[in-house]
Amino acid sequence: MKRFLSGFGIFLALLGIGIVSAFAVVSFLLRQEEVRVPDLTGQDIVTVIDTLNLQGLQLKVERRVPDQLMPRNTVISQTPPAGSGIKKGRPVRVVVSEGPSDLLTPRLIGEHYRKADIQIRLAGFLPGSVAKVSSDTVERDLVIAQTPQPDTPLEKGGTINLLVSSGKKLSTLTAPQLIGKRAEEAVRIIERMGLQHRLSYRAAEGMGPATGRLVLSQRPAAGYPIAPDSMVEIVATR
209 MKRFLSGFGI FLALLGIGIV SAFAVVSFLL RQEEVRVPDL TGQDIVTVID TLNLQGLQLK
269 VERRVPDQLM PRNTVISQTP PAGSGIKKGR PVRVVVSEGP SDLLTPRLIG EHYRKADIQI
329 RLAGFLPGSV AKVSSDTVER DLVIAQTPQP DTPLEKGGTI NLLVSSGKKL STLTAPQLIG
389 KRAEEAVRII ERMGLQHRLS YRAAEGMGPA TGRLVLSQRP AAGYPIAPDS MVEIVATR
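Residue numbers (our numbering): 209 to 446.
Be aware that one or more of the hints could be misleading.
To be verified - Listed next, with one range per pair, are the computed distances between beta-carbon atoms: (1) Q266 / G291: 12 to 20 Å; (2) A331 / G297: 16 to 24 Å; (3) K323 / P288: 45 to 53 Å; (4) S292 / A331: 38 to 46 Å; (5) P308 / D247: 22 to 30 Å; (6) K340 / R410: 44 to 52 Å; (7) D247 / D349: 32 to 40 Å; (8) P279 / D349: 34 to 42 Å; (9) S425 / V341: 34 to 42 Å; (10) G297 / T367: 15 to 23 Å; (11) A290 / V338: 50 to 58 Å; (12) A290 / R322: 35 to 43 Å.
Derived from the structure by calculation, the hints contain no laboratory data.
Using N, Cα and C, we set each Cβ at its ideal position, and we do this for glycine too.
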């Protein structure tokens with residue numbers, strides 16, 4: 209009986225030693241598989257992938273969010289936090305920046321309005337209204353001003369309005385009243401205004417030579433707008 213108890217005690221002792229040893233080995237192996245989570249905040253996504261690969265960890269992008277401070281494709285936050293223990297092969301979850309939600313408007317002043325239209329679309333915006341105004345200093349079809357102004361934050365898909373030059377404003381004159389005036393006087397008036405003239409004559413009933421050469425008709429009519437150097441046709445009595 210004593211021999212049995214002695215042998216059983218030895219068995220229990222050996223079993224205990226085996227369990228403790230096995231636990232120690234497993235704990236050691238588990239500790240060997242654990243690594244410290246690196247700090248990924250502020251790093252671009254390509255660098256993050258390389259860093260995690262070296263540690264034997266995976267990357268999982270949980271979501272992408274706009275951020276006014278963090279550049280596009282950089283890590284804003286991570287789980288688990290830096291310095292935590294994690295088993296190899298496990299994922300580190302990150303939130304990645306999409307960059308600022310607003311874009312900056314391009315500089316379009318001085319560009320041809322058709323080229324400006326293309327630049328607006330390439331920058332992520334939409335062309336808005338195009339107003340035209342005469343200008344003595346800006347060539348025709350070039351952009352004089354834009355709204356919003358260059359380098360203004362604007363949401364993607366926002367509209368940009370343009371003010372475009374229609375070229376120099378053409379000055380206009382008003383056709384003078386010539387009917388009833390003597391032909392010679394009418395010609396002088398036309399020439400003083402910087403206009404050209406074409407004078408013809410025809411007989412008029414009831415008007416003799418004593419009446420003089422009076423203007424019977426004119427074209428364009430008095431009061432009509434005409435451009436400088438235009439032709440004024442007058443018909444006078446013989």
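Hint-by-hint comparison with the structure:
Roughly 18 Å separates the CB atoms of Q266 and G291, a value that falls within the hinted 12 to 20 Å. A C-beta distance of roughly 43 Å is found between A331 and G297, which places it outside the suggested range of 16 to 24 Å. Take K323 and P288: their Cβ atoms lie about 51 Å apart, and the range 45 to 53 Å holds. For the hinted restraint 38 to 46 Å between S292 and A331, the CB-CB distance of approximately 42 Å keeps it satisfied.
Separation of P308 from D247 is about 24 Å and conforms to the stated range, judged on CB atoms against 22 to 30 Å. Range check, K340 to R410: Cβ separation about 45 Å, and the 44 to 52 Å hint holds. For the pair D247 and D349, the beta carbons lie near 55 Å from each other, so the given range of 32 to 40 Å is not met. Separation of P279 from D349 is about 38 Å and conforms to the stated range, judged on CB atoms against 34 to 42 Å.
Here the CB-CB span from S425 to V341 is close to 38 Å, well matched to the stated 34 to 42 Å. Distance hint check: the CB atoms of G297 and T367 are about 50 Å apart, inconsistent with the given range 15 to 23 Å. Restraint check, A290 to V338: a C-beta distance of roughly 53 Å satisfies the suggested window 50 to 58 Å. Between A290 and R322 the beta carbons are some 52 Å apart, a value that contradicts the proposed interval 35 to 43 Å.
Violated hints, in rising order: 2, 7, 10, 12; the structure is consistent with all others.
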